[in-house]
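Chains A and B, in that order, give the protein sequences. When you line the first sequence up against our numbering, it's residues 1 to 204, in that order. When you line the second sequence up against our numbering, it's residues 1 to 152, in that order.
Certain hints may be false.
Unchecked claim - Sample of chain B residues facing chain A (criterion: CB under 10 Å; computed from the structure):
{"id": "1", "residue": "ASP24"}
{"id": "2", "residue": "THR55"}
{"id": "3", "residue": "CYS106"}
Hints in this document: simulated from the structure, not taken from any laboratory. No residue lacks a Cβ here, since even glycine has one placed at the ideal position from N, Cα and C.
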Amino acid sequence: MGYVSSITADSILKAALRRAGVAAGDLDERGIDEAVVREIGRGLSLFLSSEADLRESLAKLSALVTPRVGASGRAPITIDILTETSIVDARLQARASARGLGFDRTDQARITTVVSELARNIFSYAGTGRIVLSELGAPRAGLGIVATDAGPGIPNLSQILVGNYRSRTGMGLGILACKRLMDAFEITSAAGKGTTVRLAKFLP
Amino acid sequence: MASAIPIIRLYGLLLVAIQVELSDALVKSLRSDLGREIQKGEVRGVVLELSGVDTFDTYIARSLRDIAQIAKLMGVETVLTGLDPGIAITLVEMGMQLEGVTTTLCLEDALDALLPGRLGCRPRDEREEDAPLLDERTSSEVALLDLDDLED
Ligand SMILES: Nc1ncnc2c1ncn2[C@@H]1O[C@H](COP(=O)(O)OP(=O)(O)OP(=O)(O)O)[C@@H](O)[C@H]1O
Ligand SMILES: [Mg+2]
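Chain A with its partners taken away, still in its complex shape (with noise of 0.2 Å):
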């Protein structure tokens, strides 16, 4: 594997952002998009001595990519959970993606509960997040979900995932519901710094 320093990581970084366009506080909310891939590219393959190592480095590249940008290059949506009426837009942002994906009635229906129990645990325990629905190209078709908040963060996450946990307020049932009811599950949750919850439904 080629070695560039964090030095010269972070100006080609910079000069690639500069050629691309792409403002350097826009990168979080932009994702790195093609162009900026292929100005990062051209900035390696000064650095890089081995025609292998860039094809690797590019490689790796792009797959940061891909998750971003589905095949129709669709935009993901990003539905801010502000208020109690968040629950029912993201509810129904939810459902379009689905559809327009392609997804069956069944699903869609997975697809939506889980986007309302997702908004619903926001509004209610953090507060305030955002939920990101983005289309999947490769390796498999479908519809991504990221859930985002900052809240207080959730404690006694394992038993939760174990369903050894019945809340005062609800059942217990949101989080579990998301796992069982998607093909890719994953919760990272720290206390006082947030939750996020990734969720991916592949097409058939």
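With chain A held as given, fit chain B with the ligands onto it using these hints.
Relative to the frame of chain A, chain B with the ligands by itself:
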């Protein structure tokens, strides 16, 4: 704020056809409106017609179950009807149970269950087998039936 869901009185039944996206606020107002209607008296049953509902999360499911249980405490039976198969499947997979809630496939069956003999659109002996008048299957059993149907 969206307008409340209408409650129709028919032959002593309270009919509620939900055709809108169910926000939490709407669910809450439906619950209190139904309670008030039942208190007015002369209610023989409540029918919640759900064919227009296409998301059923834990909150909505729990709220509808609560409505049925509140009605029962007031001596009134509730029937849920018209549940979309996709939703039924989702509820089962989630592990959501609607204990004590009666469900029927269609509105006619719901009316028939609550008002036996009253409507008479189909004579009793023409009905499939000897199905109990009030379908005592839980919704998850009904949902499992739907799953089986889909696999045919
Ligand atoms: N985004 C979040 N931030 C902080 N705590 C959360 C968050 N999401 C869930 N929790 C905590 O995890 C618990 C379990 O959540 P889950 O959605 O599984 O069940 P519930 O919300 O209690 O009930 P249900 O979803 O069945 O109505 C919650 O009771 C809450 O304490
Ligand atoms: Mg929840």
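Results of checking the hints against the structure:
Taking 10 Å as the C-beta cut-off, the interface hint given for ASP24(B) holds, the closest approach to chain A being about 5 Å. This hint holds: THR55(B) has a C-beta 4 Å from the nearest C-beta of chain A, less than the 10 Å allowed. A cut of 10 Å between beta carbons decides the hint on CYS106(B): the least distance to chain A is about 18 Å, and the hint is violated.
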